[in-house]
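Grab the two chains, each in its own frame, and use the hints to assemble them into the complex.
If you want the building blocks of each chain, they are given just below.
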Amino acid sequence: MEKQTYSNPVIRWVDDRLPIFSFMDHEYNKFPMPRNLNYFWNFGALASITLIVMIVTGIVLAMHYTPHTSMAFDSVERIMRDVNYGWLIRYIHSNGASMFFIVVYIHIFRGLYYGSYKAPRELLWMLGVVILLLMMATAFMGYVLPWGQMSFWGAKVITSLFSAVPIFGESIVEWLWGGFSVDNATLNRFFSLHYLMPFVIVGVVVLHVAALHVSGSNNPDGIDVKGPQDTVPFNPYFTAKDSIGLGVFLIVWAGFVFYAPDFLGHPDNYIPADPLVTPPHIVPEWYFLPFYAILRSITFDFLFIDAKLLGVILMFASIAILFVLPWLDTSKVRSCRFRPVYKWFFWLFVLDCFILGVVGAKSPDDPVFGVEWFKYVHLGQIGTAYYFFHFLILLPILGKMERPLPLPTSISESVTGGRSDSAAGAATAKGEPA
Amino acid sequence: MADSHADDENRREFLYLAAGAMGAVGAAAFAWPLIDQMNPAADVLALASTEVDISALEPGQAITVKWRGQPIFIRRRTQQEIEEAAAVDLASLRDPEADAERVQKSEWLIVNGTCTHLGCVPGNRVSDRKGEYGGWFCPCHGSHYDTSGRIRKGPAPTNLVVPPYEFLTDTQIKIG
Ligand code: HEM
Ligand code: FES
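Chains as they are written, first to last, in this note's numbering: chain A, 1 to 434; chain B, 1 to 176.
Treat the hints as calculated values from the structure; they're not laboratory data.
Among these hints, one or two may not hold up.
[What the hints assert, rightly or not] Far from chain A, by Cβ distances over 12 Å, these chain B residues were calculated:
| no. | residue |
| --- | --- |
| 1 | Met-22 |
| 2 | Val-44 |
| 3 | Ile-54 |
| 4 | Ala-87 |
| 5 | Pro-96 |
| 6 | Asn-112 |
| 7 | Gly-123 |
| 8 | Pro-155 |
[Unchecked claim] Okay, the calculated beta carbon distance ranges per label pair:
| no. | chain 1 | residue 1 | chain 2 | residue 2 | range |
| --- | --- | --- | --- | --- | --- |
| 9 | A | Phe-300 | B | Glu-9 | 55 to 61 Å |
| 10 | A | Phe-300 | B | Ala-27 | 39 to 45 Å |
| 11 | A | Gly-227 | B | Ala-19 | 50 to 56 Å |
| 12 | A | Phe-23 | B | Asp-7 | 24 to 30 Å |
| 13 | A | Ser-70 | B | Ala-19 | 28 to 34 Å |
| 14 | A | Ile-393 | B | Thr-64 | 46 to 52 Å |
| 15 | B | Ala-42 | A | Ile-271 | 30 to 36 Å |
| 16 | A | Tyr-259 | B | Gln-104 | 55 to 61 Å |
| 17 | A | Pro-280 | B | Glu-51 | 47 to 53 Å |
| 18 | A | Ser-215 | B | Asp-7 | 45 to 51 Å |
Keep in mind that this is a model prediction, so the values were computed, not measured.
All C-beta atoms, glycine included, are put in the ideal place defined by N, C-alpha and C.
Excised from the complex, chain B in its bound form (with noise of 0.2 Å):
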């Protein structure tokens, strides 16, 4: 009698224990759906790539186009800026790149303007500060990048990202 009631018991148990895990993997799956609508959508993704002209450009200036909601700074280096890159020791880099890794064309230099700091985007105009490495000077919280977008100095964990890009003709490049 008293074994059949532990049996009993064991029985609930082990019923409870699995309805309970059924319940939970069902709130679960539901759940991802609900987590997941937020994840871009097809329609963002499917923004693939942007076609540029940079024809234009002197050495020196540099223009800001947007891709995927993004600014991307194309700058035409000038000799003097290359030369400032590639002299860099790398050991004493916070997030060590060599230049030559950074570009395709030494004198173009093709970065995401997106701060790696919190997402600022750095002044690209010929007149803005340009930090105390000549690159770009993130006036947020100060972080300052050199001729190769690499980090330098501030809070700015690692160096302006090099987004996917082919160059299709001379002057005509594209991102994406």
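Next comes chain A alone, as it looks inside the complex (with noise of 0.2 Å):
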């Protein structure tokens, strides 16, 4: 990292003993970004942003908020009602957990299109799916603490899932819940880690964006900068992009806090929890659709798992096999621009995930379009069969089969057509390679 010389002598003198001021201006200001990069490669910027967020309104959240089973229901309610603009940063928080799940989910579909997990960014993409997972626990923990129906019944059935582990599944279980049932001691807890679980996050996601500004970011067409004619600083061309983007995404997210607060959640959390009575209909929130639906859709034994141990396995196994995809995925080519078969693969495997997301909110005995021999059961079936199909079947062997479309020179060369390029002419003239 090159070292500044600040005019200002106070900057000077901080930056001389502790370069901070060198350290942003050379990974937030001079940072060479590809040239070509389009609006997919803002949601990074937007997931961080959107932490934030979560952070500094669950901060404000907690002080209002009562951990307490016979309390927290109650506390909640205080805070829509009496506590000052409460509704608001209530409604920024929960309709916030879906934008970061909306915002996270579209970003790692972008990494799947464009080969981003691909070397050398493998560990950057396992970093993501940590942070995934982490997102995940906080959210579930989260929606806990309001301690409505939906609350109490999602914590019940999500915690029992341990107890499919053979021989210590019940002491598991025990353990989590704290007492014999999920209840007051289960709550602080979770309350104890949803407060924790942010800031773990926050250290993941600065592990990320550092190996990030090592390989630096792959783009739109998944070939390797090959010097400064392929890049523009990233300031001002990426804050003013990710700026753009930011508007378009706070609009959205306002949308959902001032219009529709509550089209996200569901009704049955403004009934206090009941531990004696389960709602009829269950269902966790929209972003674990498809991996409840890869739960519910095992109903039979496999050797010598049985069905509950089974559906808790690959439920976790969707998620785990993000970890070895970049070692899955046998093609050297990165982008889909450039993977003619390939393409239509990943179109169906985002199909793939919203059929399971369908099935996951309805009832498996319930039929598809009023077909009676074809429940919603078979579909996740069939939607889990092509889940792993596409995994650990399709990526290994279409990238031995497939013949990619052959790949542009060079950046600069894709995003001028190969014309002589006047923005970038100073910096091709310096810096191309002969």
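This is how it looks when you write it as structure tokens:
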């Protein structure tokens, strides 16, 4: 990292002792970004901002929230009715969780489409999967805090997943609960962990971004940056582009907060938790639906593994498989732009995730489109099979069979179509390797 | 000379190992309280028993009472339900248990109403769906239990658990 000499004596004094100004300048001002990035590259920045907003609103909510089974529900209602702007802060936080997942899912599918998980970005990708897991745990525990019916039964069902573990299952679940059922001890520890985990996420995000700044960003062509003619500095080019995306994103978020604040939630969560009565139709938040569908689609034993354990294993495996994705995809070409066959399978995979999401929201025994012999549980079984087929069979084989389209020789050639280009002309003249 | 060098090295290695092992034991000893604190506390364990008056129940009716934070179903079975439960071929069951082993008095079925799949509570009111086997139906993922609380269909692996209980009198039971 080159050190700057600042004219302002205070900044210079600090920078000589702790080069934070030089660091920020290097990583966020001058940092070279591929010049062909599209709007899908906004979503990392949007996720970071969402994380900050969640932490700020969460800390404020915690000033009014009471983590006790007899008071939690009422304290949230008090936030909604009596605390100044409490309704606003809570709606930003509760809708923010959904926004966070939308943004992160788009961010992940972006990576899948453009091959951002491939060398040299495998570790960067894996850190991303860690963030996803931590987010899921955080959102799950947060959803328990208002202590409504969905909070309680969601907590009960998800913690009970661990009872599928052979031999130790029951002890693990009692340990998680701190009792013989989801109760006050459970609520308290969930609050403690819900407060902690976002800061752990911040830590992993720092590592994620540090790894990013080693390899630099991937780009829609999926080819390497060859020299300065292929890049533009982060500021002002991407500070501007990110700001436009941020504006749009905040409009959507505000749209939910102000016009449809409960659209993504469940009415049942406005009923106080009752440990003796399960609501007739319990469903997780939308962002967990595909995984919930995988869990429920296993209704048969396999070898010595019973259905319950197998469902749990596959549900966790559906995320764990992302860790090894860089080694399952055998194609050397990163971007789908140059993978004519995989491109179609990518969209098929997106469709599969959507179908699993729909299945997760339905009762397993309901017929699909009124066809009596074809239930949602069957659709879920097909969707689950395809999910794993995509990763375990299709990707390894396709990389070997598919004939990719010719790659452009460089990013600058692909953006200018080979024409001489005045904007980057100066850089090209200096930087083009002979 | 060379020899004493090797000795030194061995000794150093031993010291590293011994110190490391002591450190690991110490860390584990310290970790245990941090882990065990999450297990049920003494006051939770102490909530041992509940007494219930069942004199008001007519055949075909059921009530739910709370024991250790969990729902306990007390069902006064009809003659037909008792016969159905007894007539089942044990070999056809996922978790084979005779009805006689699950009740003290055949009229009274007392089970923990927590679905053994993932912990939902099947509906226990007269108007609730009873499932294909006339016992209970768990709405969460569709487990069907029979009139002995045994799993017959759906994802749950085992029968509804029979809690420890005793009849204090004909109309008074103690759970736990
Ligand atoms: C990774 C970032 C975070 C996510 C994804 C998240 C998610 C959630 C969710 C889904 C809820 C339930 C919303 C509802 O229906 O009411 C919730 C509630 C809550 N969260 Fe967070 N949260 C995050 C960060 C934080 C932080 C840093 C705090 C600080 C203590 C916090 C404190 C709370 C409190 C007190 C509640 C209960 C009040 C309420 O239900 O509105 N959260 N959170
Ligand atoms: S919890 Fe009862 S069927 Fe899943």
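So, going through the hints one by one against the coordinates:
1. No beta-carbon of chain A comes within 12 Å of the beta-carbon of Met-22 of chain B; the shortest separation is about 28 Å.
2. Chain A draws Val-44 of chain B into its interface by the beta-carbon criterion, the shortest separation being 5 Å against a cut-off of 12 Å.
3. Even its closest Cβ contact with chain A, about 17 Å, leaves Ile-54 of chain B beyond 12 Å, as expected for a residue assigned away from the interface.
4. The claim that Ala-87 of chain B lies off the interface holds: its Cβ sits roughly 26 Å from the closest Cβ of chain A, which is beyond the 12 Å cut-off.
5. The beta carbon of Pro-96 of chain B is kept farther than 12 Å from every beta carbon of chain A, the shortest such distance being approximately 15 Å.
6. In this structure Asn-112 of chain B is not separated from chain A by more than 12 Å, as the shortest Cβ-Cβ distance comes to only about 10 Å.
7. Once the 12 Å rule is applied to beta carbons, Gly-123 of chain B is inconsistent with being away from chain A; the minimum gap is 8 Å.
8. Its beta-carbon lying about 5 Å from the closest one in chain A, Pro-155 of chain B breaks the requirement of being farther than 12 Å from that chain.
9. With their beta carbons about 59 Å apart, Phe-300 of chain A and Glu-9 of chain B fall inside the hinted range of 55 to 61 Å.
10. Restraint check, Phe-300 of chain A to Ala-27 of chain B: a C-beta distance of roughly 44 Å satisfies the suggested window 39 to 45 Å.
11. Between Gly-227 of chain A and Ala-19 of chain B the Cβ separation comes to about 53 Å, which falls inside the hinted range of 50 to 56 Å.
12. Range check, Phe-23 of chain A to Asp-7 of chain B: Cβ separation about 49 Å, and the 24 to 30 Å hint is violated.
13. At roughly 50 Å, the beta carbons of Ser-70 of chain A and Ala-19 of chain B sit outside the given window of 28 to 34 Å.
14. Roughly 48 Å separates the CB atoms of Ile-393 of chain A and Thr-64 of chain B, a value that falls within the hinted 46 to 52 Å.
15. Our hint of 30 to 36 Å for Ala-42 of chain B and Ile-271 of chain A holds, since their Cβ atoms are close to 32 Å apart.
16. The hint said 55 to 61 Å for the Cβ distance between Tyr-259 of chain A and Gln-104 of chain B, and at roughly 59 Å that hint holds.
17. The given range of 47 to 53 Å is broken by Pro-280 of chain A and Glu-51 of chain B, whose C-beta atoms sit roughly 31 Å from each other.
18. Hint check: Ser-215 of chain A to Asp-7 of chain B, Cβ distance near 49 Å, so the stated range 45 to 51 Å holds.
Of the numbered hints stated above, those contradicted by the structure are hints 2, 6, 7, 8, 12, 13, 17, listed in ascending order.
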